[in-house]
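Those sequence lines, one after another, are chains A and B. Quick note, the first sequence lines up with residues 634 to 968 if you use this note's numbering. Quick note, the second sequence lines up with residues 634 to 968 if you use this note's numbering.
Treat the hints with care, as some may be off.
Because identical chains share one entry, a pair is satisfied inside a single copy or across any pair of copies.
Straight line, CA to CA, 27 Å or less: simulated DSSO-like cross-link-like pairs of lysine-lysine [claimed, not checked]:
#1 K935 - K967
#2 K967 - K792
#3 K792 - K846
#4 K792 - K882
#5 K815 - K882
#6 K882 - K967
#7 K815 - K846
#8 K846 - K882
Derived from the structure by calculation, the hints contain no laboratory data. Bear in mind the structure is a predicted one, so any value in this text is a computation, not a measurement.
2 protein chains.
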Amino acid sequence: MKLASLPQGRDGRLIVVSADLAWYADADHIVPTLQGALDDWDRHQPALAALSTELEHEAIPRKRFHEREAAAPLPRAFQWADGSAYVNHVELVRQARGAELPASFWTDPLMYQGGSDDMRGARDPITLADEAWGCDMEAEIVVVTGDVPQGVSREDALKHVRLVGLVNDVSLRNLIPGELSKGFGFVQSKPACHFSPVFVTPDALGDAWADGKLSHPLMVDLNEEPFGRAEAGEEMTFDFGTLIAHLAKTRRVGAGSIIGSGTVSNRDPDGSPGRPVGGGGRGYSCIAEQRMIETIASGEAKTPFLRWGDTVRIEMRDGDGHSIFGAIDHQVVKP
Amino acid sequence: MKLASLPQGRDGRLIVVSADLAWYADADHIVPTLQGALDDWDRHQPALAALSTELEHEAIPRKRFHEREAAAPLPRAFQWADGSAYVNHVELVRQARGAELPASFWTDPLMYQGGSDDMRGARDPITLADEAWGCDMEAEIVVVTGDVPQGVSREDALKHVRLVGLVNDVSLRNLIPGELSKGFGFVQSKPACHFSPVFVTPDALGDAWADGKLSHPLMVDLNEEPFGRAEAGEEMTFDFGTLIAHLAKTRRVGAGSIIGSGTVSNRDPDGSPGRPVGGGGRGYSCIAEQRMIETIASGEAKTPFLRWGDTVRIEMRDGDGHSIFGAIDHQVVKP
Numbered sequence: 634m635k636l637a638s639l640p641q642g643r644d645g646r647l648i649v650v651s652a653d654l655a656w657y658a659d660a661d662h663i664v665p666t667l668q669g670a671l672d673d674w675d676r677h678q679p680a681l682a683a684l685s686t687e688l689e690h691e692a693i694p695r696k697r698f699h700e701r702e703a704a705a706p707l708p709r710a711f712q713w714a715d716g717s718a719y720v721n722h723v724e725l726v727r728q729a730r731g732a733e734l735p736a737s738f739w740t741d742p743l744m745y746q747g748g749s750d751d752m753r754g755a756r757d758p759i760t761l762a763d764e765a766w767g768c769d770m771e772a773e774i775v776v777v778t779g780d781v782p783q784g785v786s787r788e789d790a791l792k793h794v795r796l797v798g799l800v801n802d803v804s805l806r807n808l809i810p811g812e813l814s815k816g817f818g819f820v821q822s823k824p825a826c827h828f829s830p831v832f833v834t835p836d837a838l839g840d841a842w843a844d845g846k847l848s849h850p851l852m853v854d855l856n857e858e859p860f861g862r863a864e865a866g867e868e869m870t871f872d873f874g875t876l877i878a879h880l881a882k883t884r885r886v887g888a889g890s891i892i893g894s895g896t897v898s899n900r901d902p903d904g905s906p907g908r909p910v911g912g913g914g915r916g917y918s919c920i921a922e923q924r925m926i927e928t929i930a931s932g933e934a935k936t937p938f939l940r941w942g943d944t945v946r947i948e949m950r951d952g953d954g955h956s957i958f959g960a961i962d963h964q965v966v967k968p
Numbered sequence: 634m635k636l637a638s639l640p641q642g643r644d645g646r647l648i649v650v651s652a653d654l655a656w657y658a659d660a661d662h663i664v665p666t667l668q669g670a671l672d673d674w675d676r677h678q679p680a681l682a683a684l685s686t687e688l689e690h691e692a693i694p695r696k697r698f699h700e701r702e703a704a705a706p707l708p709r710a711f712q713w714a715d716g717s718a719y720v721n722h723v724e725l726v727r728q729a730r731g732a733e734l735p736a737s738f739w740t741d742p743l744m745y746q747g748g749s750d751d752m753r754g755a756r757d758p759i760t761l762a763d764e765a766w767g768c769d770m771e772a773e774i775v776v777v778t779g780d781v782p783q784g785v786s787r788e789d790a791l792k793h794v795r796l797v798g799l800v801n802d803v804s805l806r807n808l809i810p811g812e813l814s815k816g817f818g819f820v821q822s823k824p825a826c827h828f829s830p831v832f833v834t835p836d837a838l839g840d841a842w843a844d845g846k847l848s849h850p851l852m853v854d855l856n857e858e859p860f861g862r863a864e865a866g867e868e869m870t871f872d873f874g875t876l877i878a879h880l881a882k883t884r885r886v887g888a889g890s891i892i893g894s895g896t897v898s899n900r901d902p903d904g905s906p907g908r909p910v911g912g913g914g915r916g917y918s919c920i921a922e923q924r925m926i927e928t929i930a931s932g933e934a935k936t937p938f939l940r941w942g943d944t945v946r947i948e949m950r951d952g953d954g955h956s957i958f959g960a961i962d963h964q965v966v967k968p
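This is chain A alone, in the form it adopts within the complex (with noise of 0.2 Å):
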C-alpha cells in the first residue's frame, strides 16, 4: 500500500496511491489525515488495504496521481531522529572535518534530534537564505514507526515499522563544526527535511525489504547528472530496527516517528572511499562526500556546495525501473 497527503490545512489530506503512482483514491472518509491513520493503524489499516486493492483493480473511481500536487506525507511530525547508518559517510565527514572516527561508532550508532514542525514536500524549493552556509542535500532512507514501548528489542522494534519512504536531510555544511562544537547537535545547521510523495508499507516492498534494510541503488542527480547510485542494502551498518531499539532504549517513541538511515553511503569494491558516477563510481548522496574524495585526489574541494538555482532529485526504483516513493526533485531558491 501506498499513501500520500494532498496539501490541506497543516496536516494534508490523506490519499491511497496505486503501486505505479498514476492514480489515487480519497481516504479522507476512512480517517482524515495520515498521522490520524498512523495514531490508530490496526483499526485503519484494514480499510485502507481494502481501498488499495480496489484502487489497483479500478473497481472505484480514480483520479490522476502527480507527484507535483503532494506534500510531504507528514506535512509535521511529533519526532524526526536520524541515525547515521552508514557508517562510511560518517567516517568521510569526519574527515572532511579533521575529527577522527572513534572506533565505538561501529558499534553504537550515532543519532540525532531533529525539528519536525515543518516537513518539507518533494517538490517544494530548498530555501537557502544564505549560500555561504554550505547548503548540502542528505539523501537518506526513512522509516515511519507505530507506538514503540521504551526497552524495545531490535527485533520487535522492526514489527512497529509501518511506512518506508526517502528524505532529502538538507544540512548545512558551514554552520555544523560550530555547532557540533558545542556538543549538544544540531539546531541551526539542520533546516527543514523534504520527504518523498509517497511512504510505502513494508509489506509493498517485496524482497527488498529484509531485516530492517531496503535493497535498491538510491539514485540522487545533481542539477540532473548522475551524482549518486548508491545500494542502500550495502554497508548500513545499523539497521532500522537497531536505530529504533537505540532511540527506545530510555523512552518510548510515539506513533508517526519517522526514523532516518543517515546519508546512504557505499565504498568502492576495493575498499577505497568510493569513486564518482562519472569515474565509474557509485558516487555519493551528499556533496561533502565527494568534496572529501576531491580533496584526498587532489588537495582541494572542487564541486560546490548547493547555489540558488541548484537542482536536486532524489528516487528509488525497483527492479523493473518503476519509481517506488516517487521523486524528491527540487530546486534552491532564494527565500
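Once you have looked at the hints, place chain B on chain A.
Just chain B, lined up with the frame of chain A:
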C-alpha cells in the same frame, strides 16, 4: 488566561482554568485541543479569552479543577527545543564533567532539539528503568510559540510567544558524557519531559513577564525539602526572544513549538556558584549543580541522583504566594 488539557485521546481536551487554579470551563466547543488553538490562535484566542472572563465572573457553569487530573497542556508537540540560558548552570555542569566553558557560551546560545512525541503530565511519575543512569530533574521555564518566520529578530520573536509554563526536563546524567562525546546531542539521555498542569498567556503574568524573562523564584523541592529557590528573572543570559531567534535563524518555527530556558540557576551574591537552600542560599534547580558544589567543597558529591521513590516538586508562585502554573509534583518509579 490559563489553559490546560484534560486527558482525552492523544492530544487532550482543552479547558480554560481560573486564575486561582480552582475552577475550569470546558473549551473544546471552541477548539478541541490546545494544539488546535495554537494552529489558529488569532481566530480562537478571542473566544477563549471571553470564556476565561466569564469563568472568573462565575457567569458560566464551572467545574472544580484538580491539578492531578491534568495532562501535559500539549501531550505531544511538533517541536521541543531547549536552550541553556542560565550560563551559570552550564558552567557548573561542565565543571562537573571536567569540560571547560568556551567564552562563546556567553554570547551564542546553547540549545538542543529534544523529543516531543511524549510529553507527560505534572503528576505522572518519572518512569526510570535503571537507577544507574543517574536520573536528575531540571526545573525550567518554557514558552510556546505561534508561527515564527525564518530569520526573525529577537524583538519580533517575543511577539510570537503565546503561552508560558514550567517543565521538568528529566535528564539521565550518567548517559550524557557518552552521548555528548559523539557530538550529535542528546537522544537517550533525555527521556520524556513533564510539564506544569497549566500554561498561561503572557498578559496574565503581569509585570513579572518583561523583556522575554519571567521574574519569580522557581521553587524546587526534593523529597519534600526545599532544594531550589532560584530567581528565574536573574542571570538569564539569553531571554526567550533571543532563544527563539536562535532557533529560527535558518528555518521557520511552527505553531505549538515549545522553547525551554534551560535549568534556572543563580550565582551567590558573592559571585560564587551558589549555596544550598539549607545553607542560606537559593539552592539549585537540578541535582547535578548541588553535586558540583559538594565536589568543590569536600572533594566528592554527596547528594545522590534520583532513585525510585524519590519525589520532585516544581512550582512558581506570584508575589501574593499563589501558584501560577500549578505544581509539577511527582515520584520516580520503576516502569
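Hints, verified against the model:
For the homomeric pair K935 and K967, the shortest alpha-carbon distance inside one copy (23 Å) is at most 27 Å, but the shortest distance between copies (55 Å) is not. Taking CA atoms no more than 27 Å apart as the test, K967 paired with K792 passes between copies only; the shortest distance there is 25 Å, against 42 Å inside one copy. For the identical chains of this complex, K792 and K846 are intra-copy neighbours only, at 13 Å inside a copy versus 45 Å across copies, given an alpha-carbon limit of 27 Å. In the homo-oligomer, the alpha carbons of K792 and K882 lie at most 27 Å apart inside one protomer (16 Å), although the nearest pairing across protomers, at 38 Å, exceeds that limit.
With identical chains, the CA atoms of K815 and K882 are at most 27 Å apart both within one copy (24 Å) and between copies (17 Å). For the homomeric pair K882 and K967, the shortest alpha-carbon distance between copies (14 Å) is at most 27 Å, but the shortest distance inside one copy (40 Å) is not. With identical chains, the CA atoms of K815 and K846 are at most 27 Å apart between copies only, with a shortest distance of 24 Å across copies and 33 Å within one. Taking the shortest alpha-carbon separations for K846 and K882, only the intra-copy value of 20 Å comes in at or below 27 Å, while the best inter-copy value is 35 Å.
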